Every structure is written in structure tokens, then in C-alpha cells.
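Chain residues, written in single-letter form:
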Amino acid sequence: MNERLDDRLQQLANGELSEREAAVINREIAADPEAQARLQQYSDMRGSLEGLREVPPDQLSRERLRERLLADGLKTQRVASGASWLWMPTAAAALVFLVYYSRLHSTQVEPRMIGIPNSSDLASVVPSPKASVLALPKLHEASPMLAMNEKPAPHFTASLAADTEPTKRRHHHAHHAKALAPAPVDSGSYLADNSASPTDAAAPTNVADSTDANSPAASPPESVVLISSDSDAKTGAQQATEETPSNVTVGG
Amino acid sequence: MIGTPYTVRMNAPVIGRIDLDNDASLVRKARDGDYGAFEMLFERHRTLVYRFAYQMVPRRDDAEDIVQEAFVRAYQNLHKYRDEAKFTTWLLRIVSNLCTDQARMGQRRTVLEQQEAAGALDWMTIGDVDDPVQNLEDDRRKVALRKALSALPVHHRTAIVLRDLEEREYPEIAAILGCTVGGAKLRVLRARRALRDRIAPLLGDRR
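Order-wise, the sequence lines are chains A and B.
The first sequence maps to residues 44 to 295 in this note's numbering.
The second sequence maps to residues 19 to 225 in this note's numbering.
Read the hints as simulated data drawn from the structure, not as lab findings.
Warning: the hint list may mix true and false statements.
As the list claims (entries may be wrong) - Below, a sample of chain B positions facing chain A; criterion: calculated Cβ distance under 7 angstroms: (1) TYR68; (2) ASP80; (3) ARG122; (4) MET123; (5) LEU207; (6) ARG214.
Claimed, not checked - Not everything, but these chain B residues come out facing chain A in the computed CB check (under 10 angstroms): (7) ARG69; (8) ASP79; (9) VAL90; (10) ARG159; (11) LEU167; (12) LEU204.
Remember, predicted model here, so these are calculated numbers, not experimental data.
Here a beta-carbon is modelled for each residue, glycine too, at the ideal position from N, C-alpha and C.
Just chain A, with the same shape it has in the complex (with noise of 0.2 angstroms):
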């Protein structure tokens, strides 16, 4: 029996047919009574499931829904973020990336410390043609950069002394009490100017030197000045004084 046959016999017995396709679908069984058993089959099957839309009552309530619907209110919500997990591979790529750009980076583009040999070894290791040697004090006037490259080594050692001379605090705060202090003090030869100072006019002068000309730092103090904690009357400042180091002790 094919299933298109099987089909309408199944509609025939649970009644889904009009009249007519009824009536058509009975003359074409009526000599075949393996149909006629398979439709009996399906009544009776028919019938057997109507016996089962009896069922037992049932004992919900009102009551225990609500407290089904309660403890699930109360429970802890769950947080819905389907890709919070992603957080932590996008960091740690991020980190990765970051630490081997930040290496590559300083490997490529920060400058190496290299000696830098005196304009007399440089043409000691490599003999340039004269013309090379007259054209470079013009290069000097051009260009900073090469003035900086050729920067005497004494220099650079001398102005890295400075920067990290200990005084240069103290300088600042006797630029500072000259400036407050009311009565008129021996200022002295550093304090009024330092490019003035014999030392810095000792130190050879190009592109370089113009940037710590006006640092404290690069002469030696040659006076302590005090601040007293007596404020003066008129004015309230506290009054300071300038002594040579010979007179002053430290720590007494």
C-alpha cells in the first residue's frame, strides 16, 4: 500500500474528508481488503485514543505557583553576557602587543649611547679629505645637531656634573630670598648673573652652551646666604643673609 493511499484512508477514518472525497475514496477500496483492514485499523485507533482524553484532575494551585514564581525572583540573576569571557584573551593580546611594540620601538628609534671620540681621534681612525675638515665648521653654524655631535667630551662630562650638582636647590631659594628680602644684600657675582661667573666664561661657547648659559649650576658657590626665622617687622618676610662657607657650620 503506498503512502498517499495510506494517507487518505487515515483523513477518511478521523473524519477530515468532505462527503465527496469520501464517497470517491470508498469506491476505489471496495475490492481491496488490505485498505479496508488498514482503514478499520485506523478507526479503531480512533476510537482508542478518545478513550484517552480522560484525564486525572489535577492539583495545582494558586499557592504554589506563587511560590514557585517567588523563588525564582529571589534567585541571584545571572549576569547575560554571552562574550564577558573575551575580556581576558583581548587583554592578553593587548599586552603582548604593547610590550613587543614598546621593545621594537626603543630598539628603532631611541638613540644609542655612543662614545663619541674627540674631533682629533675621529680623524685619527678615519683620515678625511681636507675639504671635508674646512667644510665642517660651516656644518657647525648650520646645523645644531651636528654642533651637538661634535660637543667636546670634557663639556658633556662638565655639564652633566651640573645638572646633578647638589647646590642647585640652594641657588634657587637665594634667587628666591634676594627677591623677598627687603633689605638690601651683597648679592655677589654669582647670584647677580651667572654667565658671568669666571667659569663659564672659561667654557668653550657654541650651540650647546647657549642652553646652560643661564644655569646656576655650572659655577661653584662661593657664599652660603642664611635665612633667619625672624620675620622682619615691616613687612613680615624672613631676612637672610649671605655668608662665606668658611663661617658657616653645618650642623652645630
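Guided by the hints, dock chain B onto chain A, whose structure is given.
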């Protein structure tokens, strides 16, 4: 000014309109936080839902659990319910999904039920009863038939329950199953065939 609403209401079938309006208005109230309205929906439809659930899982406690879970889900998802569908259709769809989930989780139990159903059918057909047709009315046959129904795959069982036990129309079956009307008819036909294959001994070798 006041005639328009009455005119509209007079055109609708009264009984169906009242039920539909009540369901819709209760759903709206429940959405607005009126739990009493949701309890009224529960009282109104719990028998319908329970019947369907019991046919799907023929254990009363399981069926009650499913009904309760269905109403809980309905309450939690009331904002997703669209008014153009019947509330009962939406509710039965939730129950159908729950039954499907339970069937997937209870594969082992289904196997046992199938074995048990086969045993029951054997016992019914091999026994010393002369006329098996008469036993179709017997309670034990009902039990055997229910077990055979329970042993069907859940999609077949759903189709048979909706059409042959709950006597739902095909458009509503299609809405519950989430398919077309033609698809619903096809599913019902296949499900009946599968059930007939299982209970053929019980239906009798009618000569």
C-alpha cells in the same frame, strides 16, 4: 463621539470577543504588575494546559511540574507575547517546548518506557483473551495505548495529542508547532502512521 467603540464591538462575535478581550486585558494588567490578573489567567487556562501536558507526559506529577513551569515562563516572558496570537496558543507552545526539552533530557527513561510498552503489548496480545477487539475498552488497553503513545518521538506525540486528543484545528497546531498548516497536516499523518505501526498488534488482526 461615543458611537465608534460600540459600533466596532457590535461587529465582532460576542462570545469569542469576550474571551479574547479578557485574555488580552488580563495580559496587559499582568504586564503592568497586576499579579492578580495573572492568577486569573492561570485559573482560566490551567486545565487546558494540564490536559495537554498530561497527554504528553502521562505522569500527573510530571505534568503538574510542566504546567507550573509553563506559567512561570509565561509570567517571565509576558513582554514577549504579541497580542495578535491567542494566549492559549502561546501558552501551549511553551508547554510543547517544555515537553520537548524534557523528552531530550529523559532519553534513558524513554527507552525504558518503550521496553515497558512493548512488554505490555506482548502481554495484551499473547494472553488468553479470545477477542482482542473487546479489550480495546479495557483499562489495561488504555494503559498500553498510553504507553505506546508515550514511547513515540516527541514530535509525533505532540502532533497526535494536539489533533486527536485535544482536537485542535490545523492552523492552531501550525502556530503551536511553528510550522505551516500543510506542514502540520503532514506531521499529523506521519505521527498517526507511526502510532499505528506500534499498536498494530493491539488494534487486532481483524479478519
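Problem - Hinted contact ARG122(B) with chain A - closest CB pair below 7 angstroms - result: violated (22 angstroms)
Handout entry: Hinted contact VAL90(B) with chain A - closest CB pair below 10 angstroms
Key = The hint holds - VAL90(B) has a Cβ within 10 angstroms of chain A, the shortest such distance being about 6 angstroms.
Problem - chain A contact restraint for LEU204(B) - C-beta distance below 10 angstroms - result: holds (9 angstroms)
Exercise for the section: Tell me if LEU207(B) is really an interface residue toward chain A, meaning its C-beta lies closer than 7 angstroms to one of theirs. Expected result: Holds: closest Cβ of chain A sits about 5 angstroms from LEU207(B), inside 7 angstroms.
Exercise for the section: Double-check ARG159(B) for me: the hint is only fine if its C-beta lies closer than 10 angstroms to a C-beta in chain A. Expected result: Cβ of ARG159(B) sits 7 angstroms from chain A, so the hint holds.
Exercise for the section: Would you check whether ARG214(B) satisfies its interface hint, that is, whether its CB is within less than 7 angstroms of any CB in chain A? Expected result: holds (6 angstroms)
Exercise for the section: Let me know if the C-beta of LEU167(B) comes in closer than 10 angstroms to any C-beta of chain A, holds or violated. Expected result: Hint on LEU167(B): holds, closest Cβ of chain A at ~7 angstroms, below 10 angstroms.
Problem - Status of the ASP79(B) interface restraint (C-beta, 10 angstroms, chain A) - result: holds (9 angstroms)
Practice task
With a cut-off of 10 angstroms on the beta carbons, see whether ARG69(B) makes it to chain A.
Solution key: Holds - the Cβ of ARG69(B) comes within 10 angstroms of chain A, reaching about 5 angstroms at its closest.
Practice task
Classify the hint on ASP80(B) as holds or violated, based on whether any CB of chain A lies nearer than 7 angstroms to its CB.
Solution key: Result: violated, 12 angstroms to nearest chain A Cβ.
Practice task
Tell me if MET123(B) is really an interface residue toward chain A, meaning its C-beta lies closer than 7 angstroms to one of theirs.
Solution key: violated (19 angstroms)
Practice task
Using Cβ atoms only, decide whether TYR68(B) comes closer than 7 angstroms to chain A, and label the hint accordingly.
Solution key: holds (5 angstroms)
In the structure shown, a violation is registered for the earlier hints numbered 2, 3 and 4, in ascending order.
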